[in-house]
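**Q** One letter stands for each residue in the lines below.
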Amino acid sequence: MVANSATLKSKEQLIEKWGKQEVISGSEMLLRSLLLEGVDCVFGYPGGAVLYIYDAMYGFEDFNHLLTRHEQGAIHAADGYARSTGKVGVCIATSGPGATNLVTGIATAYMDSVPLVVITGNVATTLIGTDAFQEADIVGITMPITKHSYLVRKAEDLPRIIHEAFHIANSGRKGPVLIDIPKDVSNEKALFKPHTEVKLRGYNPTVQPNKQQVDKMLRAIEQAERPVLLIGGGAVYSGAHEEVLAFAEKTGIPVTTTLLGLGAFPSGHELHMGFPGMHGTWTANMAIQESDLLVNIGARFDDRVTGKLNGFAPNAKIVHVDIDPAEIGKNVPTDIPIVGDVKAVLQQAIAGAKYASKADAWRALIAERKAAKPFAYKDSDEELKPQWVVSMIHETTHGDAIVTTDVGQHQMWAAQYYPFNKPRSWVTSGGLGTMGFGFPSAIGAQMGNPDRTVVSINGDGGMQMCSQELAICAINNIPVKVAILNNQVLGMVRQWQELIYDNRYSHIDLAGSPDFVKLAEAYGVKAFRATNKDEARSAWEAALAHDGPAVVEFVVRKGENVYPMVTQGSTIDQMLMGDDE
Amino acid sequence: MSTRHTIAILVNDQPGVLQRVSGLFGRRGFNIESITVGTSEEPGLSRMVIVTKGDDHTLEQIEKQLYKIIDVIKVVDIGSSPMVARELGLIKVGADPAARPEILGIVDTFRAAVVDISPNSLIVQVVGDTDKIDAMIELLKPYGIRELSRTGVTAMARGSAR
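Order-wise, the sequence lines are chains A and B.
Numbered per my numbering, the first sequence spans residues 1 to 581.
Numbered per my numbering, the second sequence spans residues 1 to 162.
Chain A on its own, in the form it takes in the complex:
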């Protein structure tokens, strides 16, 4: 797919070629170590402090580097790659502004537990601390938003540090790890010894759960009359979707998947209630509120899920399964805590699980509610409705695409109207809520999944935060299909202003936005505009059929709001249902 992409070698071939012990530069150590970690694609942007590293890439045919147009594009692409593949995403930036341009992306990955190895250059060790040109204390700046970080002092440490960084990033509760490499270290020559072991005394994530706690959970399930399974991103990250399905089916407990958990359980399944929280389904929210047992598996009780904490699931006994012990009891007091990897916990639990037979009436009630109040909107033949567009995208991609989104109304509509049946098909910034994330993350997802259709659903606001990456789609022929739901305003802000700030529409008008078709064409990307249903469908089908990247701008109704909605300070059963209510 990528013009200059190398033929990927097997791990054995790479070890044979690059695992040799010899005296080489720190830069070459870095590249070799990344290859030995199985890295097949790196996103980055060169600059003064990483020039030795980029120089070492020259002619390094096994090393596949994609030059983005902004560091933010690089890190969101690495993030999209990681979320959609389960592998570690890697990006490289130079010191100072290059490194600080990564901060938003690092925080995005940290909030959603995405494994990244972020490599930054720094000024030479002799200049550190002197306010040298393009110097920034990136380790200090990113300490609160990384799982761990390194400032490399000697080239000989690089193989160990890189190996540790990959291990830390992609084990336990996953997250971004930063490696800051001073310029002289990347030039320093030393003996390269590939590192294959990790010895970190302070780091031993608990994978296998305590059996007694699991048994307690199983007994609680047997006694429950109104149980609910709340499945979070942790289920996706631990690769536990099959276990989730088996556990839900064996126990017969209705399932709600959080925004990041979408795809961990098949949406069409009779037990599935949709996602909970601020814009979630009425059925899921009511079920949580009325439940007598809430089994949280790999979710962190984010405030967008819980609404007002005092009043959340008021009658429920809480079970919380999480690999990060610090999440248990952080927001919601827990009756049965289970620390462990979701997959390991469920494997252990499935064996002893019994059907929640006391919950027959509950299951019937939930089925009734699902039928009574699905997500709904008033369609129109005069104006394009964003919900219709998302449904049409679902239909034309047969529900089989990887969908990435930006943040805002379109994100919620995508979550509501594009049902997911497979894990790692939904890439969205849930925790940090990062505008600008949607489009570049699709590029990463496409790089990691060359054979799948990747659709990026964006608003007209967020698209303008990273639209420059159209260039790398064009020149590398990365066939991402970009949908822009253009309502000419910052839609979610407008919605809040309408509902909470008394229709005082302060600074949300995006007048002056570019002609998105011309913008895409200026980069050499095929583009279409649609203002009605017929145009929309034919433009989108043409985009899908096009052998390369394509942008479709859907001009949608400006004043459309996302419903249901739980306003801040309300409990999640206090939902505004919108026009139809």
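Hints should not be assumed to be uniformly reliable.
[As the list claims (entries may be wrong)] Restricting the straight-line Cα-Cα distance to at most 30 Å, the calculated cross-link-like pairs of lysine-lysine (DSBU-like) are: (1) B:64 / A:216; (2) A:330 / A:216; (3) B:68 / A:317; (4) B:74 / A:199; (5) A:422 / A:87; (6) B:68 / A:211; (7) B:68 / A:87.
[Claimed, not checked] Estimated spans, in silico, between C-beta atoms of each pair: (8) A:269 / B:43: 50 to 60 Å; (9) A:134 / B:149: 38 to 48 Å; (10) A:67 / B:15: 46 to 56 Å; (11) B:84 / A:269: 51 to 61 Å; (12) A:212 / B:2: 25 to 35 Å; (13) A:400 / B:3: 50 to 60 Å; (14) A:352 / B:80: 33 to 43 Å; (15) A:23 / B:127: 48 to 58 Å; (16) A:216 / B:43: 41 to 51 Å; (17) B:149 / A:569: 12 to 22 Å; (18) B:149 / A:11: 56 to 66 Å; (19) B:42 / A:134: 33 to 43 Å; (20) A:216 / B:42: 36 to 46 Å.
The hints are simulated quantities; they were obtained by calculation from the structure and are not laboratory data.
We treat Cβ as the ideally placed atom computed from N, Cα and C, and that holds for glycine.
Please build the complex by placing chain B on the supplied structure of chain A, with the hints as guidance.
**A** Structure of chain B alone, referenced to chain A:
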């Protein structure tokens, strides 16, 4: 109920580790009453002792969040068992010749020591728990405290308790 807790943290002796720990307290809204760091019994490891105030839930979160730092090896709430907690204070107090006998009397009673004498002042060194040093300072206040420096608490569980 908000109470005082004394936590000992064994950490890798890496650059930035103090920043990682203190930064965590800052950004998560935990309180630091005092923090001391020094080498431990094992080369390559340092021990930090942090005195903090909070309820049981906060203490639990502090411990759990600390364990998330890769360079943190062990966290012990030493205040939960019998412990020895000590702080060192240096107090430069105004001491005209006339006032010296009285000051020396206080120093004696507290088993403190005078470690420097100049024509108009003394430096008093006092070691003990936080209350003792607070009391000493209170008593020396009338003579005029010119300068005060305290180390913060370092502590250890007694005997075989953890």
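**Q** Which constraints among the numbered hints does this structure fail? Numbers only, ascending.
**A** Violated: hints 10, 17.
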